[in-house]
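Student: Chains A and B, in that order, are what the protein sequence lines are. For the first sequence, the numbering used here gives the first residue as 26, with consecutive numbering after it. For the second sequence, the numbering used here gives the first residue as 1454, with consecutive numbering after it.
Everything labelled a hint here was simulated from the structure, so no lab data went into it. Note that the structure is a prediction, hence the values are computed from the model and not measured. Even for Gly, the Cβ is constructed at its ideal location relative to N, Cα and C. Watch out, some of these pointers could steer you wrong.
Said to hold, decoys possible - Covered by chain B, according to a simulated footprint, are these stretches of chain A (three or more residues, beta-carbon under 8 angstroms): (1) 93–99; (2) 144–155; (3) 182–196.
Unchecked claim - Partial list, derived from the structure: chain B residues whose beta carbon lies under 8 angstroms from chain A: (4) Phe-1486; (5) Ser-1494; (6) Ala-1498; (7) Gly-1502; (8) Phe-1515; (9) Ser-1548; (10) Pro-1549; (11) Thr-1554; (12) His-1610; (13) Asn-1616; (14) Gln-1627.
As the list claims (entries may be wrong) - Pairwise CB distance ranges, derived in the manner of DEER restraints: (15) B/Glu-1597 x A/Asn-160: 51 to 59 angstroms; (16) A/Glu-120 x B/Glu-1597: 48 to 56 angstroms; (17) B/Leu-1477 x A/Arg-122: 53 to 61 angstroms; (18) B/Asn-1505 x A/Ser-193: 51 to 59 angstroms; (19) B/Gly-1459 x A/Ala-128: 42 to 50 angstroms.
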Amino acid sequence: MCTTEAIIRRPTDASAIIGRVLLAVAVAAGAACQRAQPQPASPTSDAASAAHDPFTREGFEHQPEMDALRQRVRPQDSVTPATTSWQQWPEPVPELRAPTPGALLGALVNQQGWAGVLGEAAWEETLRVLPAGTNAAEGIVLQWGFMDDAVAGRDVRVLMQRQNAMWSVERMEQRYHCRRAVGADQRCQ
Amino acid sequence: MPQWKGIVGKSFSPAEFEAYCHTLKWDTWRPSFIVLHNTASPSLAQRPGGLNETHIKNLEAFYRDTQKWSAGPHLFVDDQKIWVFTALTTSGVHSPSFNTTALGIEMLGNFETEPFDSGRGLNVRQNAVAAIGTLSAVLGFTPESLKLHREDPLTTHACPGKNVRKLEVVQAVQDFLNVHHGGDHPPTH
């Protein structure tokens, strides 16, 4: 398994007009796969360390900022930051095509206008791609730092398939990271 | 980390709040409407005596140190008082689509499960209506301009809870204006 990751951040400081763009990792899928040979399971390995490995399923879906938020919360805050379960995308999936999974994910972000809110309504957006063979891949968009007192972030998981040398979106799901609590209906409160 | 704007940290009865609002001048930032929230956590049950100065200080630490924000909502309204948190004359942080254009009012309670039309919930509602009505009169908002946090298109959540029904709140604000301001809501500053 391998991932391609890009992080786009814009400072929230009002004095900053132009955001900085940080491409944290941009690796060719083949090279990434080469480096991402599965390690033998170690008796000492645990979910926590796997969650930080960029070439694992755990790492693919891991939002480290949520860990940091949980660690900052104090008992007197009376909140329990938590993540909702994955939920089906509430609209028809966009009909987009691109030559690579990463390009498709980027096109989706552009089409949805998600990057446009960076620097004002949200802090960062991280894109990752996890290939699953030659004709399938998963992408994820980790949005974080919503300036919202209920919702800290959102993950959008995108199942992509290749047909006739072009990639398209097959299915999308989303989940929310909640600042205060998750309600019984799996929404942030 | 953006610079923390500080808080006012004073509590008022509805009548005192009206007098306080008439002392304010919106020279550098002027909101266009109000966004209504509930705290969810803490709930009314978690604050049996309402909010006190220690709670407000804890909330300041929560927004400043845990969330790393520059500000929080403008008001916290419980069943006894109206607390001014972020200064009403500067933008706050509460709802990503509306932070730059709206005041944010937090009602103590989880109105997904706690009643909003009886007991302490009704008292919260009455104080919130008084606060919204006063600000509407002072700033020239129509009652219909009120938005609930869950109307923010950028995030999906249950804030305020389902027991807060917008049309009922708008009507209550209109009734408040009819009684206290002869139905007018002229801008006075």
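Student: Are the hints correct? Go through all of them and say.
Tutor: Checked hints:
| no. | hint | result |
| --- | --- | --- |
| 1 | 93–99 | holds (count 4) |
| 2 | 144–155 | holds (count 3) |
| 3 | 182–196 | violated (count 0) |
| 4 | Phe-1486 | 17 angstroms, violated |
| 5 | Ser-1494 | 5 angstroms, holds |
| 6 | Ala-1498 | 11 angstroms, violated |
| 7 | Gly-1502 | 14 angstroms, violated |
| 8 | Phe-1515 | 5 angstroms, holds |
| 9 | Ser-1548 | 6 angstroms, holds |
| 10 | Pro-1549 | 3 angstroms, holds |
| 11 | Thr-1554 | 11 angstroms, violated |
| 12 | His-1610 | 4 angstroms, holds |
| 13 | Asn-1616 | 13 angstroms, violated |
| 14 | Gln-1627 | 27 angstroms, violated |
| 15 | B/Glu-1597 x A/Asn-160: 51 to 59 angstroms | 53 angstroms, holds |
| 16 | A/Glu-120 x B/Glu-1597: 48 to 56 angstroms | 38 angstroms, violated |
| 17 | B/Leu-1477 x A/Arg-122: 53 to 61 angstroms | 54 angstroms, holds |
| 18 | B/Asn-1505 x A/Ser-193: 51 to 59 angstroms | 57 angstroms, holds |
| 19 | B/Gly-1459 x A/Ala-128: 42 to 50 angstroms | 46 angstroms, holds |
In terms of the numbered hints stated before, the structure departs from hints 3, 4, 6, 7, 11, 13, 14, 16, listed from lowest to highest.
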